[in-house]
Amino acid sequence: MDLSLDESQQILVDTFSEMLEKECPTTHVRDCEDTGFSPSLWAQYCELGAQAMGLPESVDGLDMSLLELGLVATQSGLAIAPVPFLEIAAAGRLLAAVAPEDPLLAAIVEGRPAVSLALPRPHAVPGTSTTTGGRVLIPFGTIADAVIALDGETLFVAEGGDKRRSGRVEDIGASALAHWDLDQGTDARVLTSGPEARRAMTRAAAEWKLLAGFWLTGVAKRALSIGADYAKERVQFGVPIGGFQAIAHPLAECAIRVDGAELLCHEAAWADESDPTRFEMLASMAFTWASQTAIRTADISLHTHGGYGFSTEYDIQLFYRRARALSSVGGGAQEELQNVAQLCFDSDGSGEAESLLGGPR
Amino acid sequence: MDFRLGEKAEEVKREIRAFLAENFSEADRKAAAEDGGGHDWDLYRKLAANGWVSAGWPKEYGGGDRDPYEILTLYWELCKAGFPWIGLLNNGFIGHTLMAMGTDFHREEFVPKIASGEIAFALGYSEPGSGSDVAGARTMASPDGDDWLIDGQKMWTTTAHTAQYIFMLTRTSTQDRPHRGLTLFLVPTDAEGVDIQPIHTMGGERSNGVYLTKVRIPDSYRVGEVDKGWSVVRFALGLEQAMGYSDIHERFIQSAGRWSLASGPDGQRPFDDARIREQLAQTAVHAEVSRLLRHRSTWLAAEGMELGAKGAMTKSFSGTAYLEDAQNWMNLVGPAGLLKEDEDGALAEGNFDEAFRQTPVNTIYGGTAEILRSLVAEVELGLPKSR
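From first to last, the protein sequence lines are chains Y and Z. Each position in the first sequence, counted from 1, maps to that position plus 301 in our numbering. Each position in the second sequence, counted from 1, maps to that position plus 172 in our numbering.
Rather than coming from a laboratory, the hints here were simulated on the basis of the structure. Note that CB positions come from ideal geometry on N, CA and C, so glycine has one too. Wrong hints could be hidden among the right ones.
Covered stretches of chain Z (chain Y as the covering partner; in silico rule of three or more C-beta atoms under 8 Å from a C-beta of chain Y) [said to hold, decoys possible]:
#1 308-317
#2 424-436
#3 452-461
Chain Y with its partners taken away, still in its complex shape (with noise of 0.2 Å):
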């Protein structure tokens, strides 16, 4: 057993830890509330080689594995960054799995942040959206070129711009939404079809979710320091406020939580190498729970400000929104618990499987 970080991963986390510091502080990001998209940040992500980073070495890119990604992804989270990463890092590797040469894929490695995905939402609550065809929401929907979509066993790219794309639709975490018409008509181009784009796009949604886990996982902890940094300054009867039970407990559980969630979103890369038939469970998994850490952990650090939390003077209000933003955006933590039921115990859905659960193998 090993589960610290090997030089090479440390020195990414480094990197990324730095540039983000310096150049996306919350003014900045409170600059962005208006687009939910930093052109400049992202012009720095790509800078470092992120666009490409979990890309093969044939298609120019650094062929680095999803706990890689992932480490970035957490990162992102502590800065709460406003740039499409986990769209990019998803659908490029999807390109390069099923199309590589796809134009498409090509202006990814340029660093155009030209593409997003529809997520398959099969357990999504009726009447709540259309998921797939028709009219559906995608994160930074306002500036990709195009979507990847399934339909039935079809995988394809709508692109037509403004034809299929609404206008900004303003959401709480400033995921830079956009409608776009996801029906296939005529001019969508198909990438592949039948069994293989079924298995594709789920291994895509995985890989998202994933990387949505490790981001959650970073956006609790910054919520998590902030709290806890608030109830070390802010004096209340005479004291500061961390030293009674009833501020210091809840914060202390968010500690806890956070930690499982780290823990499971890296047991979750790490499988998708070493113990890859429990990955796309590990995976749903790593998002429901980070999910739900991140949304509590945003929640008990607001409520640990009293008043100013909810004043949006105090940037703990970013966090709670944009937490509950990303985990809405795929779906939510109790639509994936649907998924991670499925993945556990019925993955064939024979009723027959053995459960996935029990430890790696």
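Following the hints, position chain Z against chain Y.
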């Protein structure tokens, strides 16, 4: 990065499963659950004969020199099988403590007998007036010639009725702050003046209250320096808190999973209901996080790294999450969930009933979740002491 416990641990898993298949029948499991004492001498001596009692100790003390991953696996497999293992656990802790903090006499007189399964120890920290505030112990040990006389009362002394000794926290001074006047003794359960009375619990576990009246103990049975017992207790408690209940949590969710996929009395599968799938998944996520926290504690111990409050995190989360799951399952499954194993119509071999009765204590003994959260707040978050 590597999340596997390693080949040696896998080998232990195979060995213990083979041991259980040979020595621990379904009837034994039910008898252990019925008895609730947490210790069975026949089974325990078989474990000792195979070297498992001293498996984690260094070779120089006759131990097996097994690494923390192997010991984790040993406990994990026994616990999941429903083996009465509390005695084993206590004796492992006490052995470690005597080796680290005892005298040559302790190491020669007691340690080999623990290893061979000849003797067993119960833990005597809690009292009627001191639980979480363990340093508030009032059981007095007073010098009397070369001996000590112990008077007082202990609570929750599980396995005292089957053990030969109690590892007992006593007060030897009231002059200084409470934790500076504590001393540990090894108290024979058959000494004159020791009276052990049963305490029965909702979870089916049998514990004990121990009354001590002028119990004469030679000074050679003292562990650690006089009035410096707090460091001994902290050492022993630290070993305990790094564990948690992820093993039995895993057994619970695997049982619930099997149950949900089979047809019930009405011919339908519970799994086909979204509420059941949601609860299965939430429990599975909790169990996985709980296991990971425990594995991390084990990894830190194996690597000799600073544990901080990571052990407290492990136990606090594990106790809390399993309790919450057990209660939420009961909210879902209706009256049949109330039935014990072997009752007509019981669900999942009484899984839900058993967990509902047993989990409340998980956030209490060995350090309450509340005490552990205070530790986490202070050590991991740097918050001021809150009590």
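Hint check results:
1. Proximity of the stretch 308-317 of chain Z to chain Y, defined as three or more residues with a beta carbon under 8 Å from a beta carbon of that chain, is not established by the 0 residues found.
2. Closer than 8 Å: that is the beta-carbon criterion, and the stretch 424-436 of chain Z has 6 residues meeting it against chain Y, so the requirement of 3 holds.
3. Evaluation of the coverage hint for the stretch 452-461 of chain Z: fulfilled, as 8 residues show C-beta separations to chain Y shorter than 8 Å, against a requirement of three.
In this structure, only the earlier hint numbered 1 is contradicted, and the remaining ones agree with it.
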